[in-house]
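Work out the full structure, taking the sequences as your base and the hints as a guide.
Numbering (the working numbering), first residue to last: 1 to 181.
What the hints contain is simulated information worked out from the structure, not anything from laboratory work.
Take these hints with a grain of salt, some might be off.
[Unchecked claim] Using 25 Å as the maximum straight-line C-alpha spacing, the simulated BS3-like pairs for lysine-lysine come out as follows:
no.: 1; residue 1: Lys124; residue 2: Lys101
no.: 2; residue 1: Lys68; residue 2: Lys38
no.: 3; residue 1: Lys122; residue 2: Lys101
no.: 4; residue 1: Lys54; residue 2: Lys38
no.: 5; residue 1: Lys168; residue 2: Lys124
no.: 6; residue 1: Lys124; residue 2: Lys137
no.: 7; residue 1: Lys82; residue 2: Lys54
no.: 8; residue 1: Lys82; residue 2: Lys7
no.: 9; residue 1: Lys7; residue 2: Lys137
no.: 10; residue 1: Lys122; residue 2: Lys102
no.: 11; residue 1: Lys7; residue 2: Lys122
no.: 12; residue 1: Lys101; residue 2: Lys123
no.: 13; residue 1: Lys22; residue 2: Lys34
no.: 14; residue 1: Lys168; residue 2: Lys137
no.: 15; residue 1: Lys122; residue 2: Lys68
no.: 16; residue 1: Lys102; residue 2: Lys124
no.: 17; residue 1: Lys168; residue 2: Lys128
no.: 18; residue 1: Lys83; residue 2: Lys34
no.: 19; residue 1: Lys128; residue 2: Lys22
no.: 20; residue 1: Lys7; residue 2: Lys101
Note that the structure is a prediction, hence the values are computed from the model and not measured.
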Amino acid sequence: MASRVSKIYGDAYVSLKAEEGKLLQAAEEVMAMKEIMKQDEELIAFLCHPQITKKQKMETVENILGGKASDDMMGFLMIIIKKGRWDALEEIFDYILEQLKKLQGIGILSVTSAFPLSQEQKKKIEGKVLEASAYQKLDVSYQTDASILGGLILSMDDRVVDSSVRTKLDSMAKHLSKIQV
Numbered sequence: 001m002a003s004r005v006s007k008i009y010g011d012a013y014v015s016l017k018a019e020e021g022k023l024l025q026a027a028e029e030v031m032a033m034k035e036i037m038k039q040d041e042e043l044i045a046f047l048c049h050p051q052i053t054k055k056q057k058m059e060t061v062e063n064i065l066g067g068k069a070s071d072d073m074m075g076f077l078m079i080i081i082k083k084g085r086w087d088a089l090e091e092i093f094d095y096i097l098e099q100l101k102k103l104q105g106i107g108i109l110s111v112t113s114a115f116p117l118s119q120e121q122k123k124k125i126e127g128k129v130l131e132a133s134a135y136q137k138l139d140v141s142y143q144t145d146a147s148i149l150g151g152l153i154l155s156m157d158d159r160v161v162d163s164s165v166r167t168k169l170d171s172m173a174k175h176l177s178k179i180q181v
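The following block contains the structure:
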């Protein structure tokens, strides 16, 4: 689930790009910025360092990204630096990408199972979720976690459906512990 900070900054950026009708370009630029952040760990360490002034950070970002990033992105990054939120930038970018996908009718689904699922099972899950949601497409990630013992955990938007055996056993144990004999 996204933090309050990522929602505030992310929603502002997405609404700006939606007004301009540049959702696809925004997604491409955010992905490019994430890639730059991933490749340049020294830049991230510099920008997160508490003894470096905001002015120095802004000048550095301007020198490195000036010409590579759009004016909107540069303005967005300057606000992030001024407000001291650089440490949350990756989370903000992830939130922006999620919102841009939602605006394009793509839902983001996470499926956790105890064992790897077959293609048939995956298609069935995706079909059921598409039926129950307002999305036209899904961006699905599958994980396996043996600790859930069986069943599935589905996560989409801010909703989680946990039908794992582990959760059912824990619930049963909690219920039984309340019974007085």
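Outcome of the hint check:
1. Simply put, Lys124 and Lys101 have alpha-carbon atoms about 22 Å apart, close enough for the 25 Å limit, and the pair holds.
2. About 16 Å separates the Cα atoms of Lys68 and Lys38, which keeps this hinted pair within 25 Å; it holds.
3. For the proposed pair Lys122 and Lys101, the alpha carbon gap of about 21 Å is at most 25 Å, so the pair holds.
4. With a CA separation close to 21 Å, the supplied pair Lys54 and Lys38 stays within the 25 Å bound.
5. Under the criterion of a C-alpha separation no larger than 25 Å, the hint pairing Lys168 with Lys124 is consistent with the structure, at around 23 Å.
6. Using a Cα cut-off of 25 Å, the hinted pair Lys124 and Lys137 holds, with the two alpha carbons roughly 14 Å apart.
7. Between Lys82 and Lys54 the alpha-carbon distance is near 6 Å, which keeps this suggested pair within the 25 Å criterion.
8. This hinted pair checks out: Lys82 and Lys7 have alpha carbons roughly 18 Å apart, not beyond 25 Å.
9. Of the pairs offered as hints, the one joining Lys7 and Lys137 holds, with about 23 Å between alpha carbons and a cut-off of 25 Å not exceeded.
10. At most 25 Å may separate the alpha-carbon atoms for a hinted pair to count; Lys122 and Lys102 meet this at roughly 21 Å.
11. Between Lys7 and Lys122, the direct Cα distance comes to roughly 30 Å. Violation of the 25 Å bound is thereby established for this hinted pair.
12. Among the hinted pairs, Lys101 with Lys123 is consistent with the structure: their alpha-carbon atoms are about 20 Å apart, no more than 25 Å.
13. Note on Lys22 and Lys34: the hinted pairing holds, with a Cα-Cα distance of about 18 Å set against a maximum of 25 Å.
14. As the CA atoms of Lys168 and Lys137 are separated by approximately 30 Å, the hinted pair breaks the 25 Å bound.
15. A C-alpha spacing of about 40 Å is found between Lys122 and Lys68, which places the hinted pair above 25 Å, so the restraint is violated.
16. At roughly 22 Å between alpha-carbon atoms, Lys102 and Lys124 fall within 25 Å of each other, so this suggested pair holds.
17. For the hint linking Lys168 to Lys128, the alpha-carbon distance of about 22 Å falls within 25 Å, and the restraint holds.
18. In summary, the hint linking Lys83 to Lys34 is supported, as the alpha carbons are separated by about 19 Å, within the 25 Å threshold.
19. With a C-alpha separation of about 31 Å, the suggested pairing of Lys128 with Lys22 is violated against the 25 Å cut-off.
20. Restraint check: the Cα-Cα separation between Lys7 and Lys101 comes to about 15 Å, which is no more than 25 Å; the hinted pair holds.
Checked against the numbered hints above, the structure breaks hints 11, 14, 15 and 19 and satisfies the rest.
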